[in-house]
Structures are given as structure tokens and as C-alpha cells.
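Asks: Given the coordinates of chain A, work out where chain B should sit on it, guided by the hints.
Respectively, the protein sequence lines represent chains A and B. For the first sequence, the numbering used here begins at 1 and goes up steadily by one. For the second sequence, the numbering used here begins at 1 and goes up steadily by one.
Keep in mind that the hints were calculated from the coordinates and are not lab data. Only true hints are included.
Residues from chain A that face chain B, not an exhaustive set, calculated with beta carbons under 8 Å:
#, residue
1, Met145
2, Trp152
3, Asp171
4, Arg179
5, Ala280
Built from N, CA and C at the ideal position, the CB exists for glycine as well.
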Amino acid sequence: MRSCISPILPRRAATDWEVGALRSATQAARRGLRTTWWIRLWNRLVLPASHDLREIEVVLKLTAIILLLRPFDVWWVSPFVLLTAGLSLLFPTVRRRPITWWLLSTLIALRVVAVWPLSDNHVYLLAYWCLAIGIALAGPVPSVMLARSSRWLLGAAFACAVLWKAFLSPDYRDERFFRVTLMTDDRFAEAVMLIGGLTADQIRENRAVLEPLPEGAELDRPRGLIEPPRLRAFAAVATWGGLALEGLLGALYLLPIRWIPDLARHTALMLFCVTTYALAPVAGFGWLIATMGLAQCPSDGRIVRAAYVAVFFLVLLYSEIPWTGVLASWMR
Amino acid sequence: MQSDVGVLTTPWRCIAAVPAAVLIVIACLQVTLTRTIGLSPWKGGGFGMFSTTDDAGRRRVRVFVSAPERSEEIAISPALEDLADRAAVLPGDWQFTRLARRVVEREQRRGRPVETVRVECWRIDYAPDTLAATSHLTHAFVYQSDPSEARRH
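Here chain B stands alone, though its shape is the one from the complex:
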């Protein structure tokens, strides 16, 4: 590789490092998000792919709706898949709220009553030696039709 000492002045050498600096900043944010909100290490620009089984394929979002005389789990429709995928990868309140709002809109369009939407994020873990698989709840979020009453569990 060509040595840049003497070819580039110090400011230009620093400017050439800007893309890597952006990479480091984004990677630090990604690590923070994985540790706080539960972002999947595979995503977010932190280069954590192929390092853990905690990927999008092993996370699942389940949606439950309830109203007077109604309480059931609903299937994620193709139209909601994108939002569900985002909520599974980054299980934050904002993603859950977006998904729950769309669920409420869809249910109301079909004339079904909805008072509460419960969104759950589940993850598959494997035992260290036997690789026995277990699915466990990582996040749960309850959305009331009135958004101000939304709360996290």
C-alpha cells in the first residue's frame, strides 16, 4: 500500500478517516441499542452478523387483541409482516406502537372491536451443550386504543 505520509497533509489524512469514524459511531450506537432495547446483533450496522443465534429468524412477534367478549391471538397478515419484522429485530416501544396502531386500523376496518393490543416478542435460545431449544418471552407491550394509555411490561 502506498504510504500517505508526506503525500497527504494532516487535514486530508484526517478527512480520509471520516468514513471509518462514521462506521465506529454507528457501531457504538448499535451496541448500545442491543444492550438497552434489544436490537438483534445481526442488524444495525455493528457488524455482529454470524456471531450469535439471536437473529431475526429466531425472533417472533405475536399479537393479541382484546375487547369486550373478545380476546384472541391474530395472525400477522402480509401487510403487517414488515412492521412485525422490524418490531422483532428492534423490540422498542416505537416499533410496537406502530405495529399495534396498524392492527387497530385493520381490525376496525373489518368491523371488529379492539380495546387493547398486546404485542409480544419471543426468542429461541439453545442450551450450551445439548442445543435444546426453548422459546421465551423477551418483551411485551400493551397498546390501548387511546395512545396515551400505552404502557410497557
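The following block holds chain A by itself, in its conformation from the complex:
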């Protein structure tokens, strides 16, 4: 700008009019630059990404499916999320626009704020993931950007989970958490019957034992828990197996990429999804993790990509088919 203006500047002392004109020209030039910058940013956000998005098309579609499968329970957020996710599933031009995902991320964040602090953790992760997609689509190489965001998000989430389990929760380390949860959480009842060997009546008795007595009350004959060795072993495996797998995943995703073979990361993540969500009733997390894993697949890794899509639908089946209950009744 300076180079354009300086040649016409007179060598004599400038008059007020000339100073004013120069100032106006500079301001106009600055305004012009600023407008250009805003237009460029706006274009980046609103226009569909112009890059080849074949590598992440499936990731975008699966994310839209996740949003459609688990609508939010806030009336002024749900319709907009469903509409945006539905449109992005149907129309490539919608799902390829960064602003679609920024909007979804904002809507999910608003939902988290509206019901604060009751949202589950996978809702937070979904908001971060939509933000990551929005950023990636506005970036120079969306597939690489999204793979990087995915790796960091998974690493951070598993690191937090390990922090809580290994360091901040004494009742996890002494196996209390799973011993209590397996018996009191209805969602694990069929697995407890199948793997732990308890009957429905024994589970009911145990639940009564695990109810606190009214203040000051004492039982004449304290009741004991029915905990066969199989059930204790189940609780121990769930405790230490879960922690080991999450710790491994945290390390695999946070260590430098070149140190770890891709296959090790994919195998560990799929193993986590296949084992954890067979029993843990949080399909939303499973879908999201499988989708984030898929985002890290190289374009030529067709088998791995297909395996991630299969894991996504396996988690869906886990959530819809009470397979532990069917097996338990069949074994009876």
C-alpha cells in the first residue's frame, strides 16, 4: 500500500487537505484488505471444501448417522440438529461445507450448557468431533487434518479416562466399582447371569444388601453378598482389563506416529470397541470412537476401513439386540 501511495506524495510540506486525503486512502485500503480477509474466511467456512473428500466421505456420513440415532432431549436444539444432520447425510454439498459442522458443534455445545451438568461425556466428545470436522474441511488437506484431530482427541479422551481410573478413584483400583456396578446396574444384569453365574433372584438379593440402611438402623443378622468366584473374576477382568486397554490406547495415540505401526492402533481401538460395547451400554461412545478411528485410515487401507464400518454396525447391533440375555436364557 505504502509503495502505491508514496510516489504521489509531494516533497513539500503537505497541506491539511493532502494529509486528510492520504489518511482516507490509507483507511480505505485497510478496509479493503480487511474485507478481503473476511471474504476469504467466509468462503472457507461456507463454500464446500474443494479438495478430494472421498477419503472422509464415509466419516462425515457416519457422524451424521450418529447425530440422527441419538437425538438430543432439548426441544430447541433437537430439531436443528436432526435437520442439519439429515440434510448433510442426503446432500454432499451440505456435508462438505465447514459451516455445517461448526453449526452442529455449536448446537451440541448449547445443549451441554442447557442441561449442565447432566450431559454424558460422549456428548462433549461429539461436539469436539464436529468442531474437528469443521476445522478440517476449512483446512488445506481435510483428510490429513481430520486424521490429526482424531488422533489427538482419542489420545486426550483415553488419557483422561485413565487418569480417573488409575489415580483419582480409589474405589476403581480396589475393584469396588465393578463389584457394585455389576450387581446394581440393570444394564449389566444379563452379563452377570451369563458370565458371573448368578440367578435373577440372587441379583435381587444382592441389590437389597447393597441398599444402605436408614440412619441408625442395624440388622440383627447382617446379610452377606452372594459373590461366586466367577463373579469376582469378572469384576477383576473388567477393572484391570479395561484400564490396561484404555492405557494402551492413550499411549498409542499420544506417542509420535512414527513410533507406532498403524495396525497396532487400529487393532487396539477395534478390540476396545468390540469388547467394551458388547457389555457397556453406551453405544453413542462406541459409534463415535469407531468413526474417529475410521478417520485415521489411509486411503488405500480398504480392509481396515471396512473393518471400522463393520465395528460401527456391530456396536449398533449390540445396542439393539440383548445378546447376553438371549445367551443366558439359552444356556438355562
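Replies: Chain B alone, transformed into the frame defined by chain A:
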């Protein structure tokens, strides 16, 4: 995974890490809230789910109202359940005050006198080996009809 070295410039590589940075910031806040106010580790975006028995299902809010010739525990009505759940998960003064105000409004609508609302948060703990369950008071908050007199115990 595709290596991004040489594909992305450093600023873009940093921008790609922004969602994870937000996750870490929120998780740090969550840990702080669990240690200070008593937020349940299961909630708040810190990924503490399935790590402790201190979840929303094992926390309970009890509400007591008192006035001249009246002192009783009241049942949490369906309309107040949402606020009670929030107060149980995050037993802070702000949540207790919101709940207590709604209780006062409801009682006054029904023509019942209220001078003081006492909100208590209880939690079930399990003994390490026997898993014997005990319920204990974690927080108590007293709300006077005049909000300036609200105090915490």
C-alpha cells in the same frame, strides 16, 4: 495413518489440535469442580465415567421446609426433579439456590408458609471389602426467603 509432516504447515497442524485442547481445558475444569464443589466424576466432560461409584444414581437430594408451626421433609415433585438432579450432580450454592427458590414458589402457590428451605445432598458409599453400604450427608444448604440471608453449612 497418514503422516502430516510435510503435508500440513505448522499453523494448520496446531489448528488441528484445537478440539483436543478444548477437551483438555474442559477436563481440567471438571477435575477442579469435582475436587472443590463436589461435581460427580461421571459428569462435566472429564471422562470419569465408569471409574467410581459416585454417580448420579447414588446421590440424593432431600428438601426440608420450615416455618412457624411447620417443619417437614417434602417430596421432590416431577417438576423439580430436573433441578434436584442437577443439584445432586453438582452440589453448589447456585444449584441449591435455584432449587430452593422453586420450592418456595411452589409452596407459596399452594398457600403453605415457608421461611427456610434446607437442601441436603446425600451419597451412598461402599466399604472396600464387604461393600457394606452407608449413606452420608455431603452438603447442606439453608435458604431463607430473603436470598441475602442464604448460607452454607
